[in-house]
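Work out the full structure, taking the sequences as your base and the hints as a guide.
Chains as they are written, first to last, in our numbering: chain B, 124 to 239; chain C, 716 to 825.
If you are wondering where the hints come from, they were derived from the structure by calculation, not from laboratory data.
Since the structure is predicted, the reported quantities are computational estimates derived from the model, not experimental observations.
Virtual Cβ for every residue (Gly too), placed ideally from N, Cα, C.
Some clues are possibly wrong.
To be verified - Pair ranges (Cβ atoms, derived):
| no. | chain 1 | residue 1 | chain 2 | residue 2 | range |
| --- | --- | --- | --- | --- | --- |
| 1 | B | P219 | C | N753 | 22 to 32 Å |
| 2 | B | R145 | C | I727 | 33 to 43 Å |
| 3 | C | D742 | B | T237 | 47 to 57 Å |
| 4 | B | T237 | C | T822 | 38 to 48 Å |
| 5 | B | G126 | C | E782 | 26 to 36 Å |
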Amino acid sequence: GAGVSQSPRYKVAKRGQDVALRCDPISGHVSLFWYQQALGQGPEFLTYFQNEAQLDKSGLPSDRFFAERPEGSVSTLKIQRTQQEDSAVYLCASSPRGGGAYNEQFFGPGTRLTVL
Amino acid sequence: GIQVEQSPPDLILQEGANSTLRCNFSDSVNNLQWFHQNPWGQLINLFYIPSGTKQNGRLSATTVATERYSLLYISSSQTTDSGVYFCAVSGGGSNYKLTFGKGTLLTVNP
Chain B
124 GAGVSQSPRY KVAKRGQDVA LRCDPISGHV SLFWYQQALG QGPEFLTYFQ
174 NEAQLDKSGL PSDRFFAERP EGSVSTLKIQ RTQQEDSAVY LCASSPRGGG
224 AYNEQFFGPG TRLTVL
Chain C
716 GIQVEQSPPD LILQEGANST LRCNFSDSVN NLQWFHQNPW GQLINLFYIP
766 SGTKQNGRLS ATTVATERYS LLYISSSQTT DSGVYFCAVS GGGSNYKLTF
816 GKGTLLTVNP
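Given below as structure tokens:
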């Protein structure tokens, strides 16, 4: 079946613009995660959804970052008033069960955001 | 939070050579995954291995949870094995968020 998909794959924004990044998880997967990967580093956790409930947003860097998953499927990560330090690859992952433990995560191809 | 250390940071091999990548972690884990990040940035799942040993073709992995480490073995390496290998774990009080190591950059020369 289809894997996790993300769009757009590349996004260039001018500083101060708002952006929206989309994630389509594997069909039926309960858990959805967003990670941020800076150049040369490993991904870092941003936020976690179980169905439509956002259970953990402790990794969001500032209140300019907002994520939603209103129907428990597709998710959108929104960044308001983008700054240069927001430039990174944003990865979405999903896993089949809730709760996380013993629950393999599958990643999408990422959205590479460049803020000029 | 849980700490993850990977070694070596860089590895250069000739095609056909074998290698071992190591992942140490600082607390008990309930998830451990190995990924290969290809040149296009896609994270490819290699193993889901919170404990025990698994093999898939030329690759195998072992996690000794009680001693807090995991090993990824690559045998008869090919140029297509090049890329960054990440170990990621969840544990230490969080049972869902993955904490990644800094990765091992593998270069396989023909």
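Hint check:
1. Checked against the given bound of 22 to 32 Å, the beta carbons of P219 (chain B) and N753 (chain C), roughly 24 Å apart, stay inside it.
2. Checking the proposed 33 to 43 Å range against R145 (chain B) and I727 (chain C) shows it holds: the Cβ atoms sit about 38 Å from each other.
3. As the Cβ distance of D742 (chain C) to T237 (chain B) is approximately 36 Å, the hint placing it in 47 to 57 Å is violated.
4. Against the hinted window of 38 to 48 Å, the Cβ-Cβ separation of T237 (chain B) and T822 (chain C) comes to about 26 Å, which falls outside the hint.
5. Separated by about 34 Å at the C-beta atoms, G126 (chain B) and E782 (chain C) satisfy the suggested range of 26 to 36 Å.
Going through the hint list in order, the structure does not satisfy hints 3, 4.
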